[in-house]
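From first to last, the protein sequence lines are chains A and B.
Letter by letter, the first sequence follows residues 1 to 249 of the working numbering.
Letter by letter, the second sequence follows residues 1001 to 1356 of the working numbering.
For the record, the hints were derived by calculation from the structure and aren't laboratory data.
Where hints are given, some of them may not hold.
As the list claims (entries may be wrong) - These stretches of chain B come out as covered by chain A in the derived footprint (C-beta under 8 Å, 3 or more residues): (1) 1135-1146; (2) 1172-1179; (3) 1183-1189.
Ideal Cβ positions, reconstructed from N, Cα and C, are used throughout, including at glycine.
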Amino acid sequence: MTELTTLTAVIIDDEAPARSLLREYLSAHPDVSIAAECANGYEAVKAAGELKPDLLLLDIQMPKLDGFEVLDLIGRDAANVIFTTAYDEYALRAFNVHAVDYLLKPFSAERLAESLVLARVRIRNREPVPVRELVATYREGSGLDRLLIRDRSNVHVIPVDQIDYIEAQDDYVSIRAAGRSYLKEQTLGELEQHLATKGFLRIHRRYILNVSRLARIELSQKDSRTAILKDNTELPISRSGYAKLRDLL
Amino acid sequence: MHPIFVDRRLLGFYLLGYLPVGALLIIGLGQHEAWGTAVVFFLPLTVVYAFIGLSAYYLCLAFPISGDFRPWRSIPAQMSAAATVGGLSVGIAWLWGALLQSLNIGLRTDLYLSQVWLMFVVGALLFWLAIAVHYILIASIASHRAERRALESGLLAREAELKALRAQLDPHFLFNSLNSISSLTTGDPASARRMCLLLADFLRDTLRLGATERISVREEVSVAQRYLAIEQVRLGSRLAASCTVSEEAQIARVPALILQPLIENAVMHGIAHLLDGGTISIRADSDGACLRIVVSNPVDSDRPRSKGAGLGLALVRQRLQSQLGTDGQLHAREEQGSFIAEVLIPYETSVPSGAS
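From just these sequences and the hints, can you work out the full model?
Here you go:
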């Protein structure tokens, strides 16, 4: 006899028929209880933060926030994810990180049951969810167009071209954009990769600069330079950062 | 080459077909005390006749039975060929008979050696038979080929239709619709059936209209409405549609499915990105010289720009260009949270405007 531990799931899909299909399929699994149903990414981020479910059944194409962005925002609270989508172009990337299952619409009840078996094993073994890898593989090659920041239950969407610079702060990064600062749980190295093609440069161990914001470079001491931004902010430039800047300009 | 040599089995059947001929010759021309002679004499001859008969194929090809078949031209040629074969048959029979005679094994081939006219008639008649058989063979090959051609051209046409469909239809639309149907099956079977029918009608329209050049705005709009009805099942209250077509515009002719990509765009890149959705409005009017169709929809100004965006517009532009040259235009713009696509083409109805 296997012990029945209840598993909480959140259904996230902007289409009502798709949600009701999942509800119907899940009704055959008494060990899975549906904690919430969300019709968009904002609701999903909120529900994931409040309910901390074991499992997300997540659509990818949704208004405002797509499935990967939802995952990105949920971050630490991320549960195991089963993607449900009619699009197969992300499937390979999702499988490459071995974190999730990927159901192509329309799918059968049996197919869902199979992925639930996988999910139960992962949940029982408390395997961590590699959200970062998932999101990173999704972004692969395309770069970032906007940054998403969760601030309690609020979600801020910051277009990349509004960002002045990003500063590393312990486990977080502080993003300076349009006169405000936002904290995001991410490493500077990751952001550097995503923003490399968008006109951003790592000028210092602790700073990424939007190069278009640069007004001038000043030599502050011997061998030590400072970037002066258009709004007169001063940022330190490391030696290797200066070499990269010089190559670029 | 003669088609019979292509397949060994065919050749086998052909030779088997000559067996009764040989039997007839033996029974009809054999003599009471000399059955053995008849068998030894006629059976090999029949085989020889069979192979000579194959040459009738080329004669039949030279005078094919087709629309302008002229018997008075083919019959003299065939008769002279039959006579030649008759003569040949006399010669072969004489040589064969003489050979058998010289073996001295008690065969009485002298019975046939004297009957020159008989051998002539047998050879000539068998050749006529071969001509008849070959006409049948040629006809059956031709009908086979025609059948295959018809099948092939049918397949090609279907393939072209499917290609057109693929170019115009986003496959995800189908997958999502099927998922909706799958979802409705248990809870709301009537809706599931309605959705199946809508989808079938829409697909049929898309296939049928892909082939024709121009249709009326009324037909075009009804295809679009069917598409929207299907998407409404999926998107629910998020998708609304309004349609205003002036009476004059109703009967105007447009390139088939010119509107469809614009509507698809409006749903996929417009409504689907809005939390609360919105209304897609279709307007068509005319000043008598120019037909104007406008599709507008609300958009999320900071939606992610996907690769697919603009593909539908490019498709419409390309079709307008190829069918109307510079007379057909598409203007697309985004202003104040709305996306507006405007098609301008010369006003034309199926009935020339001068006719009463």
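Each hint tested on the structure:
1. 1135-1146: violated (count 0)
2. 1172-1179: holds (count 5)
3. 1183-1189: holds (count 4)
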